[in-house]
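Chemist: Those protein sequences? They're chains A and B, same order as listed. Position one of the first sequence corresponds to residue 258 (the working numbering), numbered consecutively onward. Position one of the second sequence corresponds to residue 30 (the working numbering), numbered consecutively onward.
Bear in mind the hints are in silico, worked out from the structure with no lab data behind them. None of the values given here were measured: they were computed from a predicted structure. Even glycine gets a Cβ: it sits at the ideal position worked out from N, Cα and C. A couple of the hints might just be wrong.
Pairwise CB distance ranges, derived in the manner of DEER restraints [as the list claims (entries may be wrong)]:
hint, chain 1, residue 1, chain 2, residue 2, range
1, A, A458, B, A111, 26 to 34 Å
2, A, G376, B, Q138, 42 to 50 Å
3, A, F336, B, K88, 34 to 42 Å
4, A, S473, B, Q138, 35 to 43 Å
5, A, V463, B, F218, 44 to 52 Å
Just some of the chain B residues that point at chain A, by a computed CB distance under 7 Å [to be verified]:
hint, residue
6, G87
7, L164
8, M185
9, K187
10, Q190
11, T203
12, E204
13, N205
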Amino acid sequence: MNLSSEDVQAIALTLQLASVTTVLLLLLATPVAWWLAHTRSAWRAPVASLVALPLVLPPTVLGFYLLVALGPNGPIGQFTQWAGWGTLAFSFWGLVLGSVIYSLPFAVQPLVNAFEAMGPRPMEVAATLRANKWDAFFTVAVPLAKPGFVMAAMLSFAHTVGEFGVVLMIGGNIPDKTRVVSTQIYGHVEAMAYSQAHGLAGVMLVFSFVVLLGLSWFNRRSHQRQKVGA
Amino acid sequence: MNLRLFLSVAGVWLCAATHAGEVTVAVAANFTAPMQKIAKAFEQDTGHKAQLAFGATGKFYAQIKHGAPFAVLLAADDETPARLEKEGLAVAGTRFTYATGRLALWSKQPNLVDDKGEVLRSNRFQKIAIADPKLAPYGAAAMEVIDKMGVQANVMPKLVQGESIGQTYQFVSTENAQLGFVALSQIWFDGRITQGSAWVVPQSLHTPLKQDAVLLNAGKDNPAAHALLKYLQSDAAKTIIRTHGYALDH
Numbered sequence: 258m259n260l261s262s263e264d265v266q267a268i269a270l271t272l273q274l275a276s277v278t279t280v281l282l283l284l285l286a287t288p289v290a291w292w293l294a295h296t297r298s299a300w301r302a303p304v305a306s307l308v309a310l311p312l313v314l315p316p317t318v319l320g321f322y323l324l325v326a327l328g329p330n331g332p333i334g335q336f337t338q339w340a341g342w343g344t345l346a347f348s349f350w351g352l353v354l355g356s357v358i359y360s361l362p363f364a365v366q367p368l369v370n371a372f373e374a375m376g377p378r379p380m381e382v383a384a385t386l387r388a389n390k391w392d393a394f395f396t397v398a399v400p401l402a403k404p405g406f407v408m409a410a411m412l413s414f415a416h417t418v419g420e421f422g423v424v425l426m427i428g429g430n431i432p433d434k435t436r437v438v439s440t441q442i443y444g445h446v447e448a449m450a451y452s453q454a455h456g457l458a459g460v461m462l463v464f465s466f467v468v469l470l471g472l473s474w475f476n477r478r479s480h481q482r483q484k485v486g487a
Numbered sequence: 030m031n032l033r034l035f036l037s038v039a040g041v042w043l044c045a046a047t048h049a050g051e052v053t054v055a056v057a058a059n060f061t062a063p064m065q066k067i068a069k070a071f072e073q074d075t076g077h078k079a080q081l082a083f084g085a086t087g088k089f090y091a092q093i094k095h096g097a098p099f100a101v102l103l104a105a106d107d108e109t110p111a112r113l114e115k116e117g118l119a120v121a122g123t124r125f126t127y128a129t130g131r132l133a134l135w136s137k138q139p140n141l142v143d144d145k146g147e148v149l150r151s152n153r154f155q156k157i158a159i160a161d162p163k164l165a166p167y168g169a170a171a172m173e174v175i176d177k178m179g180v181q182a183n184v185m186p187k188l189v190q191g192e193s194i195g196q197t198y199q200f201v202s203t204e205n206a207q208l209g210f211v212a213l214s215q216i217w218f219d220g221r222i223t224q225g226s227a228w229v230v231p232q233s234l235h236t237p238l239k240q241d242a243v244l245l246n247a248g249k250d251n252p253a254a255h256a257l258l259k260y261l262q263s264d265a266a267k268t269i270i271r272t273h274g275y276a277l278d279h
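From just these sequences and the hints, can you work out the full model?
Modeler: Below, the structure written as structure tokens:
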């Protein structure tokens with residue numbers, strides 16, 4: 258396998274992007290998922306659909322809207338300029354924003370499932386034992402929903418690593434800032450540097466397979482544990 | 030369907046097909062607007078129909094290599110048609126330059142770009158977009174201009190790359206980049222820049238952006254394909270090509 262220093266740089270940047278995105282996603286997706294799992298509001302269906310949109314929208318549509326929104330005349334661009342951050346396109350944080358939106362359903366859905374599977378009982382019991390809501394959430398709900406958190410984290414991470422269209426459209430292909438593995442592979446293929454493309458593509462293939470394999474092992478183990486517990 | 034009706038419809042269709050043919054053309058994305066007009070005029074003048082597919086020349090090359098049924102390629106460069114001919118995928122002796130692309134430094138802001146490109150030495154921009162020089166001829170030409178003007182130190186840290194000249198245009202058009210090297214054809218119509226400010230880069234600053242056409246093997250015996258290649262060199266076609274900001278040096 259031949260990986261150039263630029264390839265290694267792209268791998269490092271991709272891992273960094275996926276890590277930051279995953280942490281932010283867990284923070285953001287937890288309250289959203291909790292609300293979706295418990296609310297009876299009429300807004301539930303529209304919000305759930307909005308969160309699931311990145312699943313069905315082509316990344317080019319997301320990327321195009323982001324490019325327009327991030328620009329100096331777009332709503333996000335106006336806000337970031339007002340806040341003194343300049344515009345976010347072609348920057349690492351621009352990619353983070355894009356990735357958070359792009360991978361949002363992969364973080365929210367497993368958490369919703371986990372919170373729903375838990376049912377209202379554990380929180381009710383915690384309340385009768387005079388735990389306040391936050392206390393109950395962190396000492397009862399989070400441990401019970403742990404498989405959901407692990408799954409959300411793994412899926413968000415893997416999905417961000419595999420992100421391509423959005424990065425291509427708002428990244429600008431800057432080494433060490435926005436050139437990730439998938440866009441680097443694309444560049445190799447387009448430039449007909451097939452042997453270099455093979456090296457990186459192989460890394461990507463193995464990584465994705467290992468993540469999925471890990472997920473299915475983890476799933477089986479937590480299912481078995483639930484059965485034993487029940 | 031009634032058999033007799035079917036036969037008569039099929040007969041009429043076959044008759045029409047012998048007179049008016051059809052040709053499938055792979056067209057470089059930067060040539061989209063003029064080619065749509067040329068295809069219309071071509072159909073009116075000859076009765077032949079041109080089916081157009083627009084895209085990146087490199088992708089077309091890979092597709093043609095793997096048996097895509099294009100009869101004619103209008104490339105964004107002169108290397109790809111030559112390579113196809115050398116590899117026996119195109120008909121020898123059919124290559125010609127149908128248009129020469131012009132490079133422009135463009136901004137959406139009305140007064141940012143002066144008519145000598147001096148803005149490249151200034152600090153009046155934070156980001157400048159070019160097409161990936163490894164993938165797009167317009168990107169390679171832009172790099173030559175940056176080198177020749179000796180503005181690398183000022184420009185390189187602000188450089189962002191689009192994967193194609195189309196994406197480069199997007200970056201500038203959404204003002205995420207204040208400046209960019211785009212194809213003149215993207216911002217030019219009928220002798221004028223359509224919006225913002227631009228410097229039409231002198232051709233002496235870069236290798237000519239020759240865009241060549243070639244007859245592919247799939248079109249060897251297709252009269253419509255031969256007719257289209259001839260039509261591209263007609264005065265009617267040349268007028269359309271010039272209107273869209275291309276040079277013609279033949």
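Chemist: Now tell me, hint by hint, if it's right for this structure.
Modeler: Hints and how they fare:
1. A458/A - A111/B: 26 to 34 Å: holds (29 Å)
2. G376/A - Q138/B: 42 to 50 Å: violated (59 Å)
3. F336/A - K88/B: 34 to 42 Å: Holds - the Cβ-Cβ distance for F336/A and K88/B, about 37 Å, lies within 34 to 42 Å.
4. S473/A - Q138/B: 35 to 43 Å: violated (54 Å)
5. V463/A - F218/B: 44 to 52 Å: The hinted range 44 to 52 Å holds for V463/A and F218/B, with Cβ atoms some 50 Å apart.
6. G87: Holds, about 5 Å.
7. L164: holds (5 Å)
8. M185: Status violated, d = 11 Å.
9. K187: violated (10 Å)
10. Q190: holds (4 Å)
11. T203: Holds - the Cβ of T203/B comes within 7 Å of chain A, reaching about 4 Å at its closest.
12. E204: Hint holds; E204/B Cβ to chain A Cβ min 5 Å, cut 7 Å.
13. N205: holds (4 Å)
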